[in-house]
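First to last, the protein sequences are chains G and W.
Under our numbering, think of the first position of the first sequence as 1, with each following residue one higher.
Under our numbering, think of the first position of the second sequence as 1, with each following residue one higher.
No lab work stands behind these hints, which were simulated from the structure alone.
Where a beta carbon is used, it is the ideal one built from N, C-alpha and C, also for glycine.
One thing to keep in mind: the hints can contain errors.
[As the list claims (entries may be wrong)] Straight line, CA to CA, 27 Å or less: simulated DSSO-like cross-link-like pairs of lysine-lysine:
# : chain 1 : residue 1 : chain 2 : residue 2
1 : W       : K376      : G       : K461
2 : W       : K657      : W       : K632
3 : G       : K261      : W       : K657
4 : W       : K332      : W       : K353
5 : G       : K217      : W       : K332
6 : W       : K444      : W       : K37
7 : G       : K328      : W       : K332
8 : G       : K261      : G       : K123
9 : W       : K378      : G       : K217
[Stated by the list, open to error] Okay, the calculated beta carbon distance ranges per label pair:
#  : chain 1 : residue 1 : chain 2 : residue 2 : range
10 : G       : E400      : W       : L577      : 47 to 53 Å
11 : W       : E547      : G       : D453      : 37 to 43 Å
12 : G       : P579      : W       : R443      : 50 to 56 Å
13 : G       : F645      : W       : R443      : 50 to 56 Å
14 : G       : I213      : W       : E547      : 49 to 55 Å
15 : G       : L86       : W       : R443      : 35 to 41 Å
16 : W       : L538      : G       : A314      : 45 to 51 Å
[Unchecked claim] Here chain G is said to cover these stretches of chain W; the calculated rule only asks that three of the stretch's residues, wherever they fall, bring their Cβ under 8 Å from a Cβ of chain G:
#  : stretch
17 : 190-198
18 : 297-303
19 : 342-355
20 : 533-541
21 : 559-565
22 : 627-641
23 : 657-668
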Amino acid sequence: MASKEATVYIVDCGSTMGERSNGRQQTNHDWAMEYIWDKLTSTVANGRKTALAGVVGLRTDGTENLMDGEEDYAHITVLQELGQLLMPQLRKLREELVVSSTEAGDAISALVIAIQMIVATCKKLQYQRRIVLLTDARSAMQADDLGNITAKLKEDNIDLVVLGVDFDDADYGYKEESKDATKAENEAALNQLCEDCNGVFGTLAQAVDELGIPRVKPVKPVPSYRSMLTLGNPEEYETALAIDIERYPKTMRASAQSASKFVIRSDMAAGEATQSTQTMGNGEEAEGAAPNGTNDGLAAVKTARTYLVNDEDAPGGKKDVDRDELSKGYEYGRTAVHISESDQNVTLYETKPGFDIIGFVDKNQYERYLDMSRSNLIVTQRGNEKASMALSSLIHALYELESYAVARFVRKEMTEPRIVVLAPNIEPDFECLYDLELPFAEDVRGYRFPPLDRVVTVSGKILKVHRNLPNEELLDAMSELVDSMDLSTLGEEGGEYAVPDETYSPMLHRIAQVIKHRAIHPNEAPPAPYEILTRFSRPPDNLIAKTQRELDRVIKAADVKKVPPKARARRYGRGKEAPKPLSDLDVGALLALDPKRGGGKLKRKIDPQNAIPEFKQLVQRAEDLPDLQDACGQLGAVIEDWVRFSVGDSGYGRAVEGLRVMREEMGEMEEAGAYNDVVKGLREKVLGGALGGERALFWYKVRVGRLGLLLGSECEGGAGEEEGREFLRAK
Amino acid sequence: MTSLPYRDKPSDSNHGRGDEDDEEEEEVDATSYKHDKDAVLFAIDVSESMLTKPAETDEKKPDASLSPTVAALKCAYALMQQRIISNPNDMMGILLFGTEKSRFQDGDAETGRGGLQYPHCYLLTDLDVPAAADVKQLRTLVEDEEEAANLLVASKEEVSMANMLFCANQIFTTKAPNFSSRRLFLVTDNDYPHTSSRDARNSAAVRAKDLYDLGVTIELFPISHPDRGYTFDRSKFYNDIVYSATPSDPDAPAPLAADIKPASSTARDGISLLQSLLSSVASRSAPRRALISNLPFEIGPGLKISVKCFILLKRQEPKRTTYVYLPPDSDKAQIAVGSSTLVADDTARSVEKTEVRTAYKFGGETISFTEEEIAKIKNFGDPVLRVIGFKPLSMLPVWANLQPATYCYPSEDEFVGSTRVFSALHQKLLKDQKMGLAWFIARKNARPTLAAIIPGAESRNEEGEQEVPPGLWIKPLPFADDIRQAPETNLVPAPDTLTDAMRVIVQQLQLPKAIYDPRKYPNPSLQWFYRILQALALEEDLPEKAEDKTLPRWKQIHKRAGPYVVEWGSVLDEQYLVWQRDNDKQIKPQVNGAAKRTKAEPASAGAKAKKVKKEDDEDGVTDAEMRDAYTKDALIQFKVVDLKGWLQGKGQKTMGKKKDLMDAVIAFFETKMDVT
């Protein structure tokens with residue numbers, strides 16, 4: 001729970017803000033607004049009702065504030081009272097926060113107005129109060145009354161931030177040459193004010209620069225478990241050890257804002273809807289806000305689920321059933337197992353909450369890839385000093401012995417037990433155990449892979465020299481490269497480079513960035529991502545330069561070659577190279593002798609029952625294109641029969657597989673035409689109803705299987721992309 | 001029953017999704033049209049020899065007295081039970097050959113064709129996703145001797161191997177036409193069928209080639225009979241039937257799974273035939289599939305190789321419930337197949353995918369982008385694993401984890417030479433205990449992460465079988481956004497004497513070899529769930545109690561560490577007294593020290609103030625104060641924070657408004673405190 005906050009932004013709109021100073025492309029106002037919009041949209045984005053913002057225009061053409069009767073308060077307009085900001089307010093502000101035609105307006109008076117706004121709204125309640133003043137300080141200020149203001153700011157605990165266009169800032173390293181005298185004087189006064197009330201005084205350039213640095217949303221730590229950490233069983237043995245602990249999350253994925261799905265509302269023409277979402281400048285809301293809450297011509301999209309069960313009497317053998325007619329159960333193979341409401345718990349394994357140490361393991365033998373989950377940290381119950389001392393002894397013992405504990409953890413009653421590893425962490429004023437889940441037997445997949453440092457051959461020999469193994473030169477070069485690409489002293493002040501604290505989730509902040517941008521600039525293309533989001537997408541530049549020699553050496557020793565895309569193209573008359581069984585028996589020769597299969601060079605008929613193997617064998621022995629065309633034609637005819645005599649979809653699987661094999665084989669032979677001719681004929685018959693009536697589902701399967709024409713991009717002589725797409729359409 | 005661990009398929013098409021973060025948004029695998037499923041057909045030899053029980057049997061080992069055929073059936077039974085749960089979409093079938101009886105698929109039984117077409121082949125279970133009835137039928141056969149005696153009769157004439165193989169061909173062709181993995185598990189002890197007919201053997205070789213061309217792999221499970229002096233010799237016949245997956249280059253690396261050694265029909269070596277069949281089958285039961293194939297792995301600018309990524313670690317969860325339909329006229333439940341359509345919220349009309357646009361909620365309205373804009377916004381470049389540098393492994397914080405790591409292994413498909421470069425890197429990282437830091441985009445438009453590349457050493461068990469493969473592990477690291485701040489604590493450090501006492505305890509309770517071996521800890525909840533589900537489906541009795549290997553061995557802990565824990569306890573009492581005494585003197589600095597740390601957070605200022613006032617209590621309000629207020633009906637004086645803190649300390653619910661909290665305090669005193 002974040003605390004309530006109230007911030008008033010005072011934005012200088014004076015005519016001097018319309019200038020382009022110091023060689024910048026933007027006007028000073030546009031530049032300043034980059035900062036203001038970022039702050040305001042951030043407030044909108046977090047969507048909290050307790051984050052209040054107000055906006056005061058300084059040096060506006062008009063005057064509208066509580067003291068507007070007094071001359072000192074002229075040209076100050078309260079554009080937005082303190083409150084939660086939403087899109088309509090942003091739109092309004094966008095209209096109003098423009099450069100005026102006046103130079104008059106006193107920043108100190110605006111400050112007074114802002115203080116009043118905060119006092120009126122926040123009274124004595126718990127608020128984080130802040131005023132941000134953004135100005136070029138080029139109009140006269142009545143700076144003689146600052147003592148009162150300082151006192152008031154302090155009394156009400158209001159933070160003051162003053163940002164100036166081209167203010168001098170020694171820390172940031174900026175000094176404006178030939179500054180005008182009024183500005184210099186005002187700057188000095190404002191600087192003094194900030195010092196007196198512990199405020200922040202800075203130059204706008206720095207503030208805008210830092211906009212790219214993402215803000216991490218702090219989350220208040222909430223314990224996920226509080227009870228005992230035990231060693232031994234306190235219920236059975238007096239020798240058991242129990243410490244009161246609390247467990248908090250240490251890492252937790254912060255995910256990017258998720259998009260919702262919408263469609264244009266049916267009562268709106270497409271053009272209108274786009275208009276109203278994109279032009280927010282007109283300040284009007286779309287007429288007749290939709291009942292479902294969006295007023296931008298979009299309707300939310302929902303998912304509707306329907307359920308089918310087998311019913312022999314129903315047309316098509318299936319019938320729709322209502323969700324209410326269904327009950328819960330599980331699948332056991334093809335069999336449905338119904339579990340009545342009252343039996344729901346029978347599948348749950350009974351457990352009691354607890355955190356029990358099973359034993360201890362050696363830290364140095366612990367494989368880091370076993371970590372299964374996000375991490376948590378364990379500290380003692382708040383305020384329990386004895387427990388703190390007890391846990392501290394465990395943490396120190398583990399640390400000194402270079403050990404980790406392994407424990408069984410049940411978060412609450414009837415939840416699954418997990419096994420976790422507990423690692424000690426000692427900081428000067430803070431100690432804890434980190435815990436991470438470990439895998440169970442079922443979670444480990446026993447895939448096997450050949451060794452990487454030796455090759456065991458088919459014949460059983462163990463080789464140390466092989467094309468798959470690095471030679472001495474490559475090993476040595478790689479070793480040097482890895483050492484030279486060391487990041488451990490490349491960070492700021494010789495520290496580690498890219499520690500987690502300095503890296504920000506690119507997707508999360510990128511999406512936040514473009515949403516905020518579009519809210520203010522509906523008609524502009526999204527901006528480029530901030531540099532910090534892609535900084536770690538490649539090695540640091542100075543490292544690349546430094547390690548080029550080592551890298552070149554590895555590249556030379558490695559001799560890696562890209563596989564040309566068509567290396568596998570096959571040739572005709574490949575029968576001799578056909579795969580052989582372990583014994584190297586020439587099955588091809590046996591096939592040739594088989595009287596049923598025609599033998600020799602005689603054209604033979606594909607047996608529909610054994611169509612795919614015999615088709616492949618024909619292709620393997622094919623001498624020329626007509627042979628292939630013949631084979632494809634024959635298989636094509638078989639496929640047609642499969643579709644024609646299919647009861648429902650019973651033959652579709654076979655037909656699709658037949659097409660797939662034919663397409664694959666012809667692709668490898670680089671004979672697109674042979675396949676395309678067959679599939680074109682098939683399409684005509686399928687869609688023309690010539691294969692036993694309505695076969696739309698079959699064509700659907702062809703389409704999702706991507707078994708359309710062989711394309712030019714896949715093999716020589718293939719069809720064009722557009723033709724291919726068109727071909728797959730059902731009509 | 002000897003059990004193979006239950007495990008879900010790598011990634012199940014329908015179940016278990018959604019828990020994988022928001023990753024799967026896009027990307028359809030290029031081979032998606034081919035069913036990514038596995039079909040296994042057992043072909044079990046039923047000859048006189050296969051039906052003979054071992055001569056010497058051990059009363060204590062009933063499994064060891066099984067005839068090879070029955071052992072094979074039991075093995076199939078075990079596999080069926082396992083797969084029905086772990087691979088719910090995979091198919092399985094059982095074909096007996098050499099039987100007196102013949103039977104083919106149901107449809108053909110009517111025409112009488114099947115029996116004639118494939119004599120002495122008996123299709124016991126047709127290839128399909130098994131149903132409870134199939135499991136029951138198989139169970140009857142392996143448990144009921146009479147039933148077995150009736151069916152398991154060897155034919156007088158020799159079965160034609162060619163015919164049997166073609167029978168299998170037809171089963172695969174019709175029942176699993178487009179499965180990506182189709183395997184024939186052939187169990188026999190006859191290494192030389194058709195001894196006198198070369199033609200018959202050649203026909204079999206031709207039919208085997210057909211199966212190969214169809215895409216079916218034959219996996220041979222040969223059986224030897226040491227008690228009869230018989231050793232299975234593949235070279236006589238089966239090497240003409242079985243194809244190797246690797247090219248004929250003698251220097252080529254051997255296939256990943258070693259050849260299955262002939263199982264012995266006798267139990268002399270302590271392992272029964274059933275067990276050795278089970279372990280052979282287990283080693284073949286999981287068809288491997290890459291999570292990401294040919295991911296570019298860029299070690300430095302201009303040095304690119306390709307790797308494949310696999311999921312070797314994944315949390316297996318119990319199956320989700322599905323909706324079932326109980327027809328009014330029968331008690332046989334049916335699975336209801338759900339399908340979803342997109343509908344517009346305003347009119348409930350159904351919506352085409354192309355109409356849908358994405359928008360983000362913002363300031364009470366929506367901010368929308370076109371498809372192209374979204375694609376461009378989310379695009380951080382092509383999929384890649386790009387090293388940006390290296391660090392010592394010790395710089396990887398223990399807590400820096402969010403999800404299981406992904407295993408990767410080199411692939412020569414895109415870049416020739418990938419393996420040797422990968423190997424060189426792997427050896428270097430292992431030797432110097434270093435890790436790579438990499439920019440990782442797993443799939444097109446996937447969220448980019450920074451990942452540690454950790455070397456993993458190969459490990460083998462005593463029998464020389466690989467337990468952990470060598471390779472690199474990609475471990476996505478948390479960003480600053482993913483790191484939570486720690487709670488405030490008031491540390492009381494342990495004095496050395498107390499740490500020393502604890503050290504002895506830790507030393508007493510090392511796990512075997514001081515490592516955690518996941519294989520020893522099956523997931524008790526998962527095992528229980530599946531046992532119950534199976535019992536319900538097969539209408540068996542529900543089991544009473546589950547076996548739970550995750551429970552600590554309390555008795556051992558008591559025996560080995562008990563006295564030391566007692567010792568530690570007394571040191572703690574002693575030292576705590578000392579600390580309290582010392583602390584009394586320094587109470588102010590101690591509290592101030594804590595206050596200093598909290599200063600950065602004005603939110604906790606209230607708690608801080610209280611701490612100074614009531615030095616003995618961290619949680620703000622003591623029991624006595626609370627009771628006092630309760631009796632005076634003055635609970636209202638406390639702040640919400642204080643009430644919550646106090647209630648939390650008592651393990652009570654702390655939800656709701658102030659009034660709810662006050663009610664909770666009152667309820668607590670009315671029910672609990674009176675007892676004391």
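Original post:
Is W/K376 close enough to G/K461, meaning Cα to Cα at most 27 Å?
Top reply: Outside the cut-off at roughly 52 Å; violated.
Original post:
Between W/K332 and W/K353, is the straight-line Cα distance small enough, at 27 Å or below?
Top reply: With Cα atoms ~37 Å apart, W/K332 and W/K353 exceed 27 Å; violated.
Subject >> Cβ distance range 47 to 53 Å for G/E400 and W/L577, holds or violated >> reply: 24 Å, violated
Original post:
How does the Cβ-Cβ distance of G/F645 and W/R443 compare with 50 to 56 Å: does it lie in that range?
Top reply: 41 Å, violated
Original post:
Are three or more residues of the stretch 533-541 of chain W within 8 Å, CB to CB, of chain G?
Top reply: Per the Cβ count (4), the hint holds.
**OP:** Can you take a look at whether the stretch 190-198 of chain W is actually covered by chain G? Rule is 3+ residues, C-beta closer than 8 Å.
**Re:** violated (count 0)
**OP:** Quickly compare the C-alpha distance for G/K261 and G/K123 to 27 Å and report which way the hint goes.
**Re:** Measuring from Cα to Cα gives roughly 42 Å; hence the hint is violated.
Original post:
Straight-line Cα separation of G/K217 and W/K332 no greater than 27 Å?
Top reply: 53 Å, violated
**OP:** Go ahead and decide if the range 35 to 41 Å is satisfied by the Cβ distance of G/L86 to W/R443.
**Re:** 36 Å, holds
Original post:
How about the stretch 657-668 of chain W: do at least three of its residues have a C-beta closer than 8 Å to a C-beta of chain G?
Top reply: violated (count 0)
Subject >> Pairwise hint evaluation, W/K632 against W/K657, where the allowed Cα distance is 27 Å at most >> reply: 21 Å, holds
Subject >> 8 Å C-beta criterion, at least three residues: is the stretch 627-641 of chain W covered by chain G >> reply: Violated, because only 0 residues of the stretch 627-641 of chain W bring their Cβ atoms closer than 8 Å to Cβ atoms of chain G.
Hint violations for this structure: numbers 1, 3, 4, 5, 8, 10, 12, 13, 16, 17, 22, 23, all remaining hints satisfied.
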